[in-house]
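A.B. asks: The chain contents come next:
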Amino acid sequence: MIPVWAQLAYLLAAVCFIVALKGLSSPRTARRGNLIGAAGALIACVTVVASSEFDHLLAILAAVAVGAAAGTIGAYRVQMTQMPQMVALFNGVGGGAAAIVALLELSKLPDQPGGGGIVELIAAAFTILVGSVSLAGSIITFLKLQELMTTRPITFGGYPILYGLGLLAAVGFGVVIVLSPSILLGVGLAAVGAGLGVLLVLPVGGADVPIVISLLNAFTGLTVAASGYLLQNTLLLVAGTLVGAAGTLLTLLMANAMGRSVFSTLFGALRGASSLGSTTVSNRPVRSTTPADAAILLAYADRVIIVPGYGLAVAQAQHTLRQLVDVLLDRGTKVDYAIHPVAGRMPGHMNVLLAEAQVPYEQLKEMDEIDPDFKQADVVLVVGANDVVNPAAETTPGAPIYGMPILHANQARQVIFLKRSMRPGFAGIENELLYEPTTTLLFGDAKDTMSKLLTEVKAV
Amino acid sequence: MIPVWAQLAYLLAAVCFIVALKGLSSPRTARRGNLIGAAGALIACVTVVASSEFDHLLAILAAVAVGAAAGTIGAYRVQMTQMPQMVALFNGVGGGAAAIVALLELSKLPDQPGGGGIVELIAAAFTILVGSVSLAGSIITFLKLQELMTTRPITFGGYPILYGLGLLAAVGFGVVIVLSPSILLGVGLAAVGAGLGVLLVLPVGGADVPIVISLLNAFTGLTVAASGYLLQNTLLLVAGTLVGAAGTLLTLLMANAMGRSVFSTLFGALRGASSLGSTTVSNRPVRSTTPADAAILLAYADRVIIVPGYGLAVAQAQHTLRQLVDVLLDRGTKVDYAIHPVAGRMPGHMNVLLAEAQVPYEQLKEMDEIDPDFKQADVVLVVGANDVVNPAAETTPGAPIYGMPILHANQARQVIFLKRSMRPGFAGIENELLYEPTTTLLFGDAKDTMSKLLTEVKAV
Amino acid sequence: MSEPLVWLTFFVLAAFVGVEVISKVSSILHTPLMSGANAIHGVILVGAMLVAGTADSTGELIMALVAVVLASINMVGGFVVTDRMLIMFSHRRRAVEGAKRPELER
Amino acid sequence: MSEPLVWLTFFVLAAFVGVEVISKVSSILHTPLMSGANAIHGVILVGAMLVAGTADSTGELIMALVAVVLASINMVGGFVVTDRMLIMFSHRRRAVEGAKRPELER
Ligand SMILES: NC(=O)c1ccc[n+]([C@@H]2O[C@H](COP(=O)([O-])OP(=O)(O)OC[C@H]3O[C@@H](n4cnc5c(N)ncnc54)[C@H](OP(=O)(O)O)[C@@H]3O)[C@@H](O)[C@H]2O)c1
Ligand SMILES: NC(=O)c1ccc[n+]([C@@H]2O[C@H](COP(=O)([O-])OP(=O)(O)OC[C@H]3O[C@@H](n4cnc5c(N)ncnc54)[C@H](OP(=O)(O)O)[C@@H]3O)[C@@H](O)[C@H]2O)c1
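Chains as they are written, first to last, in my numbering: chain U, 244 to 703; chain P, 244 to 703; chain C, 4 to 109; chain A, 4 to 109.
I should point out that these hints are in silico values taken from the structure, not numbers from a laboratory. Nothing here was measured: the structure is a model prediction, and the numbers come from that model. Take these hints with a grain of salt, some might be off.
[Stated by the list, open to error] DSS-like cross-link-like pairs, simulated, lysine-lysine; straight-line CA separation at most 27 angstroms: (1) U/K351 <-> C/K27; (2) P/K577 <-> P/K701; (3) A/K27 <-> C/K27; (4) U/K608 <-> U/K695; (5) A/K27 <-> U/K608; (6) P/K608 <-> P/K618; (7) P/K695 <-> P/K577; (8) C/K27 <-> P/K608; (9) P/K690 <-> P/K608; (10) U/K608 <-> U/K690; (11) U/K577 <-> U/K690; (12) U/K701 <-> U/K577.
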C-alpha cells in the first residue's frame, strides 16, 4: 500500500503536469510551464524513492544518473534545427521504457494475489505493443530527419498486405497473452510492434515527419497511462492520459496548420498521391538577375519585406541575412520579416532560426500583421520560401495547398526569389509567382547568393 | 454496492455534463450543449431509480413530477428580462435540497458501519451551511431583482460585527457537529447559514446582483460535490465540482466584464463607496428638444446608429424602437444597433431584448465592429443608455467606469438622448456627453417618447 | 489507493475540467451558461431520491420528499429556462445564416 | 465503487483536462509543447524504478535498469531540450519588452 503522504505527493505532481501543459500553450508562460513540469517530475521521483523499499537502490540511482547525464548532454548538443529528431528520440526511448516495464510486469502478474486479471493483461499487452511501435517508429523518424536515410516516402508493392499481417499478428499475440501470459509471448509482441512502427513511418515524407512524431508522442502517453493501471499508480495513469489526449489534439492541430489530414500524412503515399508531389519543371521563361542588380533594387527601396522559408534553414543563411538587413536598416530602409506560420519544416521554425541569428523580435511580423503591407512594399525578398507565397492556394482549387492562407508577395512592386533551381517546394506544385513580370530570380544556394548580395549592397 | 452498469451510466452522465458546459460556452453549440446536459440528467435519474431498491418509489416519482411541473411552469411563465431572478430561485432551491439531503444523512451517519468518519461529518456540515447560504441568499437576490424590496445596497452600523458573529457561530456549530453529530445541531447550522446568506446579499446593489447569483450558483455546485462524497456517489461529486469550478470562473469573468472585482461587488457598500454611486445632479444647462424636431433630424439622416441601454428594458420600448427603425430603413436610411457588451443589467441583455422584438440579427453590431462607424454617423439615438457612452471611461482616471471600453457616440454629428431626467446611470457618475453642443435631450419615458417619435417620423 | 484520496483526485481533475472547459466563453453567453450550470447541479435530485428511498420514519420521508421536489424544480426548470434563453439566440443565428444566402429568402 | 471504474473515471477526466488545457495553443508553440508533453511522459521513470526495485532475478534487474536509463533520458533530456527551445522564445520576448520602453535601452 502506498502511504497517504506519497499519494498526496503524486497528486501534486499530477497537478504540476496539468499546470505545465497549460503554461506551455501560451508564449508568455511557456518556459515557466516547462519548469513546473520538471518540478512535478522531480516530486514524483523523490516520492517513489522515499515511499518504497527498493532492493537495488544504488544500482537504480546509478541508472538514473546515467540516463539523466545522457539526456542532458544530448539536449545541450543538439542544434536548434535538429530539435524535432531529438524529441523523437526522447519519445522513442520513453516508449521503450514503458514496453520493458510492461514486459517485466507480465512475467510477475500470474504470481500476484488476484493478479492476472483480464484488464491487467490487456493493459500489459497494449503497453508492450504500442511502446514498441513508438520506439521503432521514432527511430525511423530520427533517421529520416537526420537524412541518414532517404526523406522520400518509401512504399513497396506488398506494403498493405504486410501491414495487415502485422496487425493480425499483433491481435493474435495479444489474445494469446491474455489467455496464457508468458514473457516469451511478450517479446514476440514487442517484435511485431517494432515491425509495425517501422511500417507506419516508412511511407511518410520527410516534411510530414513532425506530425508523426507528435502522433508517436501521444502513443507513448497512452502506454504510460496503461502501465499506470498495470502498476496501480495513479500518477502514471493521469500523466500518461494527459499526454495522450493533449498529444492527439496537438497532432490534429499541427496537421491542420499545414492544411492536411493526419490520415493523408500517414498513408497518402500509398494512394499514389506522393506527399512530396511531382517535380515536373515547365520550360516557360523566367527573368533572372545578378546579385549586383538585385543589390541596387534593394538599396534604393524604401520598404523591403523578407519572406524566409525552408531554404533559408537548409542553406543556414540566417546570419548573412541578418547582416544584409542590418545594412539596409542603416541606410534608412524599412525592413521586416514576414513569418508564415508553416514556413520551414516545423512550427516556429523561422522564429527559432532567426532568433538564433539574433534578429530583434520587433522585426518578425506574423502573417496577419504584415500581409496588408505587401501592397506598399517596393521589394519583397523571398529567401528559400515557395509554398507560402504561392497564389495557387487561392486560385487553384485542386492544389494540395488550396485553402492555406498565404503571404501576398505578388502584390509588391518587385519580388526577388533566392532559390537554387526551378524545383517546386514541399507541396510539389508550380508557383505562378515565379513567372510574373514583377518577379526576378536569383539562382544559387541562399548562403552564397546572400553573401554576394551583402557585398554588393555595401558597395552601392 | 452500486452495480457496474449503473456506475458506467453515471460516468456517461458526467461526460454529458462536461460536454454540456463546453457546448454552452460557444454560441454555435450552446443550445445543443444544454440539451446534452438535460440528457445527462435524465440518464442519471433513470439510473438511480433502476439500480436502487427504493421503499417509497411512488411517492418519490410523484414528488419528482410535482417538482418538474413547477419548474417547467416557472420556466415558461417568466419573461425574458426576469430570467436572472428565475435562475436565482432555481439555484436557491437546489442549495436547499442539498442541505436537506445532508441533514438527513447526518442523522444516519453514526448508525452506518464505519460511518461518522470525520471527513464525512465535515462534508455534511459544509453542505448544510453552504446550502442554506445559497438558499437564503438566492431568495434575497430574487426579492431585489423583482423589486419586491429596495434594490439599493442595505447596510447598517453593526453589520460587520453581526457578520463576524455569524461566521463564528457557523464554525462553532460545525466543530460541535463533527464532535457529536445530531440533527438538531444540523438545523441550528442551517439557520446560521440562512442568516449569513441574507447578510451576504443585503449590501449588494441591484445591478451587481447577477454576479452574486453566479457566486451562489458556484456555492451550490460545491455543496452538491460535498453531498456526493457523503453519499459515496461519484456523479454528484464530479457534477458538483464541475459547476463549482466553472461557476467560480464565470463569476470572475462576469465581474471582469463590468470592470469591477468580486470583492467590491460584495462588500463595496460597506466601505462607504456605495456601488450605486452618488446621484448628485449639476445644474449646468443642456439642450433639450421635442419629438417633432428630433424626428426631422432622424428622417433626413443618411446614417443612424441606435445605442440601446438599460432604460430601454425598463420602459419595454423595444417593439416601438424596432418599428421606428423599420420606418427609417424604408426611407433608405442606414440604421444599425450598437450593442455594448455590458449594456443593460445582465450579459446579453440587449441581445435578448431586441431578439424578443424580432430585430434581425444583421442589424445588431458588436462594439468592436460598429465603433469606427460613429465618425460617419449623422445621428446617434441613445435609448436609455448612459454609462456605455460616457467619455469619463477614457478621460477621468478616478471614475468607477474608468478603463471600460465605450461606444464613441461623441464622435457623431448629432446625439439624441432619450431619458427621463438628468439622473446618472448605474455607475452613478455624470455624463459629460449630455452637455456637449452636439447633444440634444428628449426627456420622458422611453416608450412614450419613442411612440411620439414614431408618429412624427411617419408624418415627415 | 485510499478512498478519500480517490475522491480528492476526482475533485481536482473535475475542477480543472470545469475551469478549462468554459474559459473561452464569450461575454454574451454568460447568462445562459450560468443558467445551464445551475441546471446541472440539479443532479442533487439523484441524492435526494437516494435519501428518500431509504427513509426510516415518516418525518424523514417527508423532508426527503421536499428535497426531491426542490431538486427537480432546480433540474427541470433550469434546463427549460436555459433552452428558452438559447432559442432567442439561435433565432438570431438562423437569421444570420439566412442573410448569408439571401437567395433562399426570396 | 469498483476499482477498474475508478481508473476509468480518472482516465476520462484526465483526457478532458489534457485536451482542454492545450486547446488554445498558438501554432508557434506547437514544437515546444510537443517536446514538453514528451518530457512529461518520461514519468514512466517512476514505473521503471518500481519494477527495478522489486526485481527477483539478475536478468529482470538488468532489463529494469535499462528501462530506468531509457526513462530518465526521456524525462531529463525532454525537459532540458524544451527549456532550450523556450529560451529562444523568451529572448525574443525580452527584446519586445525592451522595445516597448525604449528609454530604458538608451
Ligand atoms: N512549418 C511546418 O510546421 C511544416 C512542417 C511540414 C511541412 N510544412 C510545409 O512546408 C512548406 C513550407 O513552405 P516554405 O515556403 O517554407 O518552403 P517550400 O515551399 O518547401 O520551399 C522551399 C524553397 O527553398 C528552396 N531552397 C531549398 N534549399 C535551398 C538553398 N540551400 N538555397 C536556396 N534555396 C533553397 C527550394 O527551391 P530550390 O530547391 O529550387 O532551391 C524551395 O523553393 C509548406 O508547404 C508547409 O505546409 C511545414
Ligand atoms: N450588462 C450587464 O451584465 C451589467 C450587469 C450589472 C451592471 N451593469 C452596468 O450597468 C451599466 C449599463 O449601462 P447602460 O448604459 O445600459 O445603462 P445605465 O448607464 O444604467 O443608464 C441607464 C439610463 O437609462 C435611463 N432610463 C431608465 N429608465 C428609463 C425609462 N423608463 N425611459 C427612458 N430612460 C430610462 C436612465 O436615466 P433616467 O433615470 O434619467 O431615465 C439612465 O440614464 C454599466 O455601468 C454596466 O457596468 C451591467
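A.B. asks: Hints first: check each against the structure and report whether it holds.
C.D. replies: Results for each hint:
1. U/K351 <-> C/K27: This hinted pair is violated, its Cα atoms lying about 47 angstroms apart.
2. P/K577 <-> P/K701: 17 angstroms, holds
3. A/K27 <-> C/K27: Measuring from Cα to Cα gives roughly 9 angstroms; hence the hint holds.
4. U/K608 <-> U/K695: 26 angstroms, holds
5. A/K27 <-> U/K608: Holds. A/K27 to U/K608 sits at ~20 angstroms (cutoff 27 angstroms).
6. P/K608 <-> P/K618: 15 angstroms, holds
7. P/K695 <-> P/K577: 21 angstroms, holds
8. C/K27 <-> P/K608: Status holds; Cα separation ~21 angstroms.
9. P/K690 <-> P/K608: Given pair P/K690, P/K608 holds - Cα atoms ~23 angstroms apart, limit 27 angstroms.
10. U/K608 <-> U/K690: 23 angstroms, holds
11. U/K577 <-> U/K690: 23 angstroms, holds
12. U/K701 <-> U/K577: Holds. U/K701 to U/K577 sits at ~17 angstroms (cutoff 27 angstroms).
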